[in-house]
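Engineer: Every letter in the sequence shown is one number past the one before it in full-length UniProt numbering, and letter 3, counting from 1, is 3.
Hints may be right or wrong, so weigh each one.
With a straight-line cut-off of 25 angstroms between C-alpha atoms, the simulated SDA-like cross-links for lysine to any residue are [what the hints assert, rightly or not]: (1) K147 <-> S163; (2) K265 <-> L285; (3) K147 <-> T129; (4) K267 <-> F161; (5) K165 <-> D316; (6) K265 <-> M200; (7) K147 <-> T128; (8) K267 <-> A252; (9) K267 <-> R134; (10) K217 <-> E183; (11) K258 <-> A239; (12) K284 <-> D99; (13) K267 <-> L4; (14) K265 <-> A181; (15) K267 <-> M200; (16) K165 <-> L246; (17) K284 <-> A315; (18) K165 <-> A252; (19) K265 <-> D247.
Simulated from the structure, these hints should not be mistaken for laboratory data.
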Amino acid sequence: MRALTRIIEQARHAPARIALSEGEDPRVLDAAVRATREGIARIVLVGDRAAIAALAQQRGLDLSGIDFHDPADAPLQAELAQTLFELRQHKGMTREQADSAARDPLVCANLLVKTGRADGTVSGAVRTTADVVRTAIQVIGVQPSFKLVSSFFLMMLCEPFHSLKGGLIFSDCGLVVDPSASELADIALAAADSARQLLMEEPRVAMLSFSTNGSAKHAAVDKVAQAAAQVKAQRPELAIDGDVQLDAAIVAEIANRKLPDSQVKGKANVLIFPNLEAGNIGYKLAERVGGAVAIGPLLQGLAKPANDLSRGCSADDVFHVIAVTVVQAHAARETATAG
Numbered sequence: 001m002r003a004l005t006r007i008i009e010q011a012r013h014a015p016a017r018i019a020l021s022e023g024e025d026p027r028v029l030d031a032a033v034r035a036t037r038e039g040i041a042r043i044v045l046v047g048d049r050a051a052i053a054a055l056a057q058q059r060g061l062d063l064s065g066i067d068f069h070d071p072a073d074a075p076l077q078a079e080l081a082q083t084l085f086e087l088r089q090h091k092g093m094t095r096e097q098a099d100s101a102a103r104d105p106l107v108c109a110n111l112l113v114k115t116g117r118a119d120g121t122v123s124g125a126v127r128t129t130a131d132v133v134r135t136a137i138q139v140i141g142v143q144p145s146f147k148l149v150s151s152f153f154l155m156m157l158c159e160p161f162h163s164l165k166g167g168l169i170f171s172d173c174g175l176v177v178d179p180s181a182s183e184l185a186d187i188a189l190a191a192a193d194s195a196r197q198l199l200m201e202e203p204r205v206a207m208l209s210f211s212t213n214g215s216a217k218h219a220a221v222d223k224v225a226q227a228a229a230q231v232k233a234q235r236p237e238l239a240i241d242g243d244v245q246l247d248a249a250i251v252a253e254i255a256n257r258k259l260p261d262s263q264v265k266g267k268a269n270v271l272i273f274p275n276l277e278a279g280n281i282g283y284k285l286a287e288r289v290g291g292a293v294a295i296g297p298l299l300q301g302l303a304k305p306a307n308d309l310s311r312g313c314s315a316d317d318v319f320h321v322i323a324v325t326v327v328q329a330h331a332a333r334e335t336a337t338a339g
């Protein structure tokens, strides 16, 4: 999996500080120790230090090089609670409620990112996607250049039987249920950035539909075509096809026949699904029938990276999402510096 290997190597070259709020879960703790040992991240475990240490002893894990932030007694906790209060007082949160909420390891990890004491955070092995996404939006916030937070999967096609090999970005497959044309354009722009960061290639975007270049007439097709036009208007240099059927997006011969003026030419590395229903079905088909490896759901559009895990994840999955988060954190720093 060369794309994944490149991500891990890039993380190792410039490790970032990643806060993990579920260190009492064996999978997360195993991944934290591995990430530290392999030098891809500087890990901060947020939670009950005694409970985490007891689990590490039980599993024979060495926690050397890992930092801790226990919300029950950390000196910074009052400052983090004040930050949360300032962020949420307009929604009616009191200072006492902020003190209580900031002791939640998930909230606390996001506050460490918000205040610059961590570069990114990973959670979701235990907490729900709704909890993870809501907390990230409320605490870290949306990147100014985007209107919404969306998700994507990094899909790895690396088996001998795969005719199409390498990494692909599938978006949105986990968060925005029925995006408008404007929201779909925002998802496409964020996914193009994700491709550039993680695939380390120029994005080639396909706005998927059951129509290619107006071959079918329907409001659903119009939405995709309008979204593609908005993306082109904002980034005229970006290679994008829309509306386009999947076969014309990834098979050059079919693209030549169906869409001779294609910018992507059947070599898309970013697939944008018209809604969550299509995206969720699409990534699961690629994973379960096509044998692709799915990493995610990962979040895009946040001011700083916070990523979700499936509650069925493995320690390897957690390790890989940590590596992705490190690379995203590096890109976020570069964006902030350029801005």
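Engineer: Would you mind marking each hint as holding or not holding in the structure?
Structural biologist: Okay, the hints, checked on the actual structure:
no. : hint          : result
1   : K147 <-> S163 : violated (36 angstroms)
2   : K265 <-> L285 : holds (23 angstroms)
3   : K147 <-> T129 : holds (20 angstroms)
4   : K267 <-> F161 : holds (18 angstroms)
5   : K165 <-> D316 : holds (21 angstroms)
6   : K265 <-> M200 : holds (19 angstroms)
7   : K147 <-> T128 : holds (23 angstroms)
8   : K267 <-> A252 : holds (7 angstroms)
9   : K267 <-> R134 : violated (35 angstroms)
10  : K217 <-> E183 : holds (21 angstroms)
11  : K258 <-> A239 : holds (17 angstroms)
12  : K284 <-> D99  : violated (41 angstroms)
13  : K267 <-> L4   : holds (19 angstroms)
14  : K265 <-> A181 : holds (23 angstroms)
15  : K267 <-> M200 : holds (15 angstroms)
16  : K165 <-> L246 : holds (16 angstroms)
17  : K284 <-> A315 : holds (20 angstroms)
18  : K165 <-> A252 : holds (14 angstroms)
19  : K265 <-> D247 : holds (11 angstroms)
The structure does not agree with the numbered hints 1, 9, 12 stated previously, though it agrees with the rest.
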